[in-house]
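Participant: Please build the complex by placing chains E and P on the supplied structure of chain F, with the hints as guidance.
Protein chains in written order, with the numbering used here: chain F, 1 to 197; chain E, 1 to 471; chain P, 1 to 243.
Fair warning: there could be bad hints in the mix.
Said to hold, decoys possible - Within a straight-line C-alpha distance of at most 27 Å, the following computed DSSO-like cross-link-like pairs (lysine-lysine) qualify:
(1) E:Lys467 - P:Lys60
(2) F:Lys144 - F:Lys27
(3) P:Lys230 - E:Lys450
(4) P:Lys28 - E:Lys468
(5) P:Lys60 - E:Lys390
(6) E:Lys30 - P:Lys225
Stated by the list, open to error - Now the in silico label distances, taken between C-beta atoms and shown as ranges:
(7) E:Lys30 - F:Glu20: 20 to 28 Å
(8) P:Arg99 - E:Val407: 25 to 33 Å
(9) P:Lys114 - F:Ser28: 57 to 65 Å
(10) E:Gly92 - F:Glu20: 29 to 37 Å
(11) E:Trp37 - F:Ser2: 47 to 55 Å
(12) E:Gly92 - P:Arg99: 51 to 59 Å
In short, the hints are calculated from the structure, not lab data. Fair warning: this is a prediction, and the values are worked out from it, not measured in the lab. Cβ atoms here follow ideal geometry from the backbone N, Cα and C, with glycine treated the same way.
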Amino acid sequence: MSSREKILGAISTNKPALIELPVIDIKSTSNLAADWVDQFIKILESIGGKVIQLSSIDLIKKEIQQAKIGGEYIVNTLPILGEVNTEINSTMEASLLETVDRAYIEGSLGVAENGSVWLYENQIKNRLLPFICQHLVICLSINKIVPNLHEAYKQIDVAKEGYGVFLAGPSKTADIEQSLVIGAHGARSLLVYLISE
Amino acid sequence: MNPKNFNRLFFEPIQGATLSHSEAAEIFNKDEARTDWHDETLWFVREKRDKAVRQISEWEQLRTLGSDIKDHTLSNLDNYLTEFEKNAQANGIKIHWAIDAEEHNEIILRIIREQKVHQVVKSKSMLTEECHLNDFLSQRGVEVVDTDLGERIVQFRNEPPSHIVLPAIHLKKQDVSETFHEHLGTEKGNNDPQYLTEAARQHLREKFIKSQLAITGVNFAIASTGGFVVCTNEGNADMGAHAAKIHIACMGIEKIIPKAEHLGVFLRLLARSATGQPITTYSSHFHQPRAGQQMHIIIVDNGRTKQLGRPDFRSSLKCIRCAACFNTCPVYRRSGGHSYHTAVAGPIGSILNPNLDMKANADLPFASTLCGSCSNVCPVKIDIHVQLYKWRQELVSEGYTATGKKVAMKGMAFVLSHPSIYRIAGKMGRWMMRAFPFIMNNKSINPWYKQRDMPEAPKQSFRDWYKKNKQ
Amino acid sequence: MKVGLFIPCYVDQFYPKVAVATLELLEKLDCEVVFPLNQTCCGQPMANSGFASLSEGCDKNFVANFGEVDYIVSPSGSCVLHVKEHLHDQDEIKASHIRRHIYELTEFIVDVLKVENITASFPYKVGMHISCHGQRGLHLSSMSELSAPAFSKPAYLLNRVKGLQLSEPKRVDECCGFGGTFCVFEEAVSVKMGKDRITEHALNEVEYITGVDVSCLMHLEGILKRQGSKVKTIHIAEILNSH
Chain F
1 MSSREKILGA ISTNKPALIE LPVIDIKSTS NLAADWVDQF IKILESIGGK
51 VIQLSSIDLI KKEIQQAKIG GEYIVNTLPI LGEVNTEINS TMEASLLETV
101 DRAYIEGSLG VAENGSVWLY ENQIKNRLLP FICQHLVICL SINKIVPNLH
151 EAYKQIDVAK EGYGVFLAGP SKTADIEQSL VIGAHGARSL LVYLISE
Chain E
1 MNPKNFNRLF FEPIQGATLS HSEAAEIFNK DEARTDWHDE TLWFVREKRD
51 KAVRQISEWE QLRTLGSDIK DHTLSNLDNY LTEFEKNAQA NGIKIHWAID
101 AEEHNEIILR IIREQKVHQV VKSKSMLTEE CHLNDFLSQR GVEVVDTDLG
151 ERIVQFRNEP PSHIVLPAIH LKKQDVSETF HEHLGTEKGN NDPQYLTEAA
201 RQHLREKFIK SQLAITGVNF AIASTGGFVV CTNEGNADMG AHAAKIHIAC
251 MGIEKIIPKA EHLGVFLRLL ARSATGQPIT TYSSHFHQPR AGQQMHIIIV
301 DNGRTKQLGR PDFRSSLKCI RCAACFNTCP VYRRSGGHSY HTAVAGPIGS
351 ILNPNLDMKA NADLPFASTL CGSCSNVCPV KIDIHVQLYK WRQELVSEGY
401 TATGKKVAMK GMAFVLSHPS IYRIAGKMGR WMMRAFPFIM NNKSINPWYK
451 QRDMPEAPKQ SFRDWYKKNK Q
Chain P
1 MKVGLFIPCY VDQFYPKVAV ATLELLEKLD CEVVFPLNQT CCGQPMANSG
51 FASLSEGCDK NFVANFGEVD YIVSPSGSCV LHVKEHLHDQ DEIKASHIRR
101 HIYELTEFIV DVLKVENITA SFPYKVGMHI SCHGQRGLHL SSMSELSAPA
151 FSKPAYLLNR VKGLQLSEPK RVDECCGFGG TFCVFEEAVS VKMGKDRITE
201 HALNEVEYIT GVDVSCLMHL EGILKRQGSK VKTIHIAEIL NSH
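Extracted from the complex, chain F is given alone in its bound form (with noise of 0.2 Å):
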């Protein structure tokens, strides 16, 4: 008998008689999106990633051209601010990605509760990029904010692409005796536009 028909025989046999599943019924505490807004700043700014709110994109266009001009080396991926790294696919080499100065992704959701920005493979074309890169700059419509993750996994697809991941501020560790340092493995920064344009 494989380990796997031994397995699931074992537990065939030692489970409890069924136990229904409950109902996930919980309500956001506001129905307000300017709420949702306020705290998602509040809680992504208190886990040590900083956002700024934008009614134009020009800004962040301008700020891409500067730096690229400085020599630092930018990975754009969103055709709405210029020019994209069509060098960043899924094959890149990690010791090649592992040069990037900064990146600018877009975000598919935010969530109030706990400061934590949805992100579709599509959108960070390697799936590396958004950890190895030094600095992260994620831009996200204010219009797509949620209350809590139980509205973003209503309104996510978790299957639909082959990653996907919540990101929540910088990288971080408190490893060194419960002292909170910013850039542990990941990025060092995470800077989120909220663009109401």
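Facilitator: Same frame as chain F, but now just chains E and P:
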């Protein structure tokens, strides 16, 4: 007889060189300032957890949901596992089944050898700790690099993690500084956590980029979609898995949840309970290998189906490994994770480990005052302290008790069952001072007396007073 | 209303003053109190050590002593909890009656007698030690781990005592480390836990530490005396019965 032997009277010594929890805890407590520091550091984490959960008005409702979803899942576990397997395979993920730690380790070794890999990066997985994978692989010439900062620190020091979420919480920054000076060539005496973390970042980035194979744990596996979720704050699981050509994810059978919507409940509970964060920095959902990558999942039993068959202890399989019970446990905070001599320490470890090896872990259910704080912080409402009590009964009925304790308890039970004998024996507390371990009036062997005075025996018992004054 | 007074064995032997105070207090509150003379022990010392199988004799004796009263009241949350959760007997009707009608002293005064005024006077600074079994087991007070409204039955009564200044330690409900046989089998941790409770109470400059369980107080008293501290322990019954 010296007081040290007192416990030997009542507990069978653990075989081999391993110290029992109480022996290790006594050594831990010799440095009182350090014990205070350890206690306060972990209490700080408990306070962060309290603050976070108080911001969620529906917290207790979420705990109930988390508990009920897990209860349901365990009651239908075989069907969910096969559903998960079918969907994951359709997603292009290879599924393996391991009956025990040995088979789990062999499967990993086989994949490593097939791919001719010599170095692997591994993010935190308590299952691989439970299976002693690192030792197994290093004995066979494979270098395992633990990539979680805390795990890398203890790996350099040849120590096991002392906490499942904060593996190096028993160490001070000076200790880390010395270790990094030795292994990474950092400046001697530079204890700045920022500086030390940066050194680890540089060191591990090189490992991530070079490594062909990454091993991760699994926080949740979704039956309906055949995908799995891995949570980290550092980003090390993602750095490893996305850079490597092969990704192996190891999961216990109990990691299954029915649908993605249930993640809404568990991800809300997990980080708040663990560290007081609203969510971990990265909650990564893996559904397919990326182009050109191989993805494997190893589904491991290693005693879990046996625990599923123990009605009293079944619910311990609901654990989501947040370690809130560690941080709140007054005994854990004052004895350190290593005193539990197992991969998973703390209160939850004390109800999981006797299932794996009753004899070796017979001391653990007694390393508790049964205060119940663990059950109150548990995000999936495992009645940990009740199970500690029940394991004590189980261990005694299975014969894992020293003869001295058995004799003492039988004697005590006999006297207390017979009021007339109790009255004569108990006159002025004489019998009690012999029989009750905590009142025993033998100052040379009674551990009570080491740091505490005995209660003073009064002139008359209440019974005598009552007979004189009320009858 | 007939109340059976249950005095745990070690209270009977070592702390008769707590038993006397409990009896006098209940009588002051107009209860008809009986003390069944053949009572011994609830069986907890054996059960918590893993020998619940040996507590049959204790259970039988407990039922024989307390099967006929309306309520059973005791100045020990821990023993009450043990009986509530574990008492069983061949006479299951009586055992079940006992399980449902056994009360720790302060919960009996607050929930059953519904007393609103306490005539006692105790002009001292008193620190409240919350005993785990009374709190997390019997729900005598709210628990710091839960997201729930705050309440405390013992504090409700103490706040009605004339002249008493009540304080809480920083960690309001951390265990003192007694834990039954834990206090000797895990001596080092047990004592350390007790010392840490005492340190926090000392920061509040208390003169007394009080609680609903004699066992916790006995442990703390043992440490205080060894330290040569001026702080004393006193059971809540003694305060509520003071003049």
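Participant: Now look at each hint and say whether the structure bears it out.
Facilitator: Do the hints match the structure? See the list:
no., hint, in the structure
1, E:Lys467 - P:Lys60, "holds, 24 Å"
2, F:Lys144 - F:Lys27, "holds, 18 Å"
3, P:Lys230 - E:Lys450, "holds, 20 Å"
4, P:Lys28 - E:Lys468, "holds, 20 Å"
5, P:Lys60 - E:Lys390, "holds, 21 Å"
6, E:Lys30 - P:Lys225, "holds, 21 Å"
7, E:Lys30 - F:Glu20: 20 to 28 Å, "violated, 52 Å"
8, P:Arg99 - E:Val407: 25 to 33 Å, "holds, 31 Å"
9, P:Lys114 - F:Ser28: 57 to 65 Å, "violated, 40 Å"
10, E:Gly92 - F:Glu20: 29 to 37 Å, "holds, 33 Å"
11, E:Trp37 - F:Ser2: 47 to 55 Å, "holds, 50 Å"
12, E:Gly92 - P:Arg99: 51 to 59 Å, "holds, 57 Å"
Hint violations for this structure: numbers 7, 9, all remaining hints satisfied.
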